[in-house]
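J.: Residue-level listing of the chains:
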Amino acid sequence: MQHTAKSISKKVMTISAVSAIAAFINLSPALAEEKAATAVEKGKAVSVDRKKGNCLACHAMDDGALPGNIGPPLVSMKLRYPDKAKLRDQIWDATKRNPNSIMPPFGRHKMLSEEEIDNITDYIYTL
Amino acid sequence: MKKLLTATLALGLLGAFTLPAQATPQEDLEKFQSYYYKRFPDTPKGDFINGVYSIDAASREQWESIEEFPPYELNISKGEKLFNTPFKNGKTYADCFENGGIGIAHRYPFFDTNGGEIITLELAINRCRQANGEKPLKYKKGAIADIGAYMKYTSRGETINIVIPDDPAALAAYELGKKVFFAKRGQMNMSCADCHIHNAGNLIRADKLSPGLGQPTHFPVYRSKWGGMGTLHRRYTGCNKQVRAKPYKAQSPEYRALEYYHTYMSNGLESNGPGARK
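Here the protein sequences come in this chain order: X and D.
Mapping the first sequence onto this note's numbering, position 2 (from 1) lands on 2, and the numbers just tick up by one.
Mapping the second sequence onto this note's numbering, position 184 (from 1) lands on 1184, and the numbers just tick up by one.
Worth flagging that the hints you see were computed from the coordinates, not collected in a lab.
Note that the coordinates shown come from a computational prediction; the quantities given were computed from them, not determined experimentally.
Incorrect hints may have been included.
[What the hints assert, rightly or not] Simulated DEER-style distance windows between Cβ atoms:
{"no.": "1", "chain 1": "D", "residue 1": "1161", "chain 2": "X", "residue 2": "127", "range": "38 to 44 Å"}
{"no.": "2", "chain 1": "D", "residue 1": "1090", "chain 2": "X", "residue 2": "49", "range": "55 to 61 Å"}
{"no.": "3", "chain 1": "X", "residue 1": "36", "chain 2": "D", "residue 2": "1207", "range": "31 to 37 Å"}
Cβ atoms here follow ideal geometry from the backbone N, Cα and C, with glycine treated the same way.
Using the sequences plus the hints, can you model the full thing?
T.: Here's what the structure looks like:
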């Protein structure tokens, strides 16, 4: 039983390692930059979408029109969050830091996909 | 000890409004009202009946000009006509209510100690119909909101004074309503209190959030967004849906309890329904 589980996980590891290496080899610096740029763009689109992040309901942010003021303006994020994972955590589940937070737990309540949260984090990190 | 200290510290940081676990309705009421009086010192106490316009000078002027030719006037006259039209058995709504139904709508909701339940105005209207062999009306809009608008109109200027009788069932109903008001619900994990206590006066996108105090005083309401009248439970439904929470049914025990708590919190204010909102 245990043996099977082990060999499966080993296989999975190998597969993901192989694809990671392949990705690493394939991505020229220019391509990587382009990918990052689209992540930021996608993140921006999802964050302003009223049916998705709708962050503007509560936060002033970037060039977003008619923002709410329930939460603090999202500025100087890199400076305020040297650890980017903490920023992602705040978006994934704001109630971890403040159990009473009005900010929706986007990840915990599956309002956004993990990829969408990654992209939003990338975008917010540029502000 | 240290744990306790950290816990209280954390609570202190959450802002000015925290509910003690054990409080009488009267204590809840004083705390609720004084919170808004402190948060909005420029608003005269009696003015909270005007909802968001009590704290938003920018939109107040436009609203006041709407109230000069109120969009609900037609609904009041339709309601009056319905109210005075006899049922098939010859009786009318007036036969079901104290004082013939005039100037009494502000006493709702109340706790009926005989039946052991909360009676809202809409429920009383439908019970009256059923007692007279008529079909009940739908609860959120249409005829029931028109009849309610007329009845509330005859109660304008009366003081809201919801009583919690000395009965464990009444207190339990009150506590349920309070729980519903403070419970975080839905995919967005928000409570009524999140928006209408902790963030009253703040902007959610372009909308200013009204204080919870004075919200029920002017219902039913004509909303331009609805293009017509709606009952308080219609509004509750909308507020639940916008945070992707499953609304309770109109006139469910939960919404009736919510209305009981919510209206009790406005005790001392004037009844000023029906209202007009965007």
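J.: Range hint 31 to 37 Å: satisfied by the CB atoms of residue 36 (chain X) and residue 1207 (chain D)?
T.: Between residue 36 (chain X) and residue 1207 (chain D), where Cβ atoms are some 35 Å apart, the hint holds.
J.: Is 38 to 44 Å a correct range for the gap between the Cβ atoms of residue 1161 (chain D) and residue 127 (chain X)?
T.: violated (51 Å)
J.: Between residue 1090 (chain D) and residue 49 (chain X), is the Cβ distance one that fits in 55 to 61 Å?
T.: holds (58 Å)
Hint compliance for this structure: hint 1 alone is broken.
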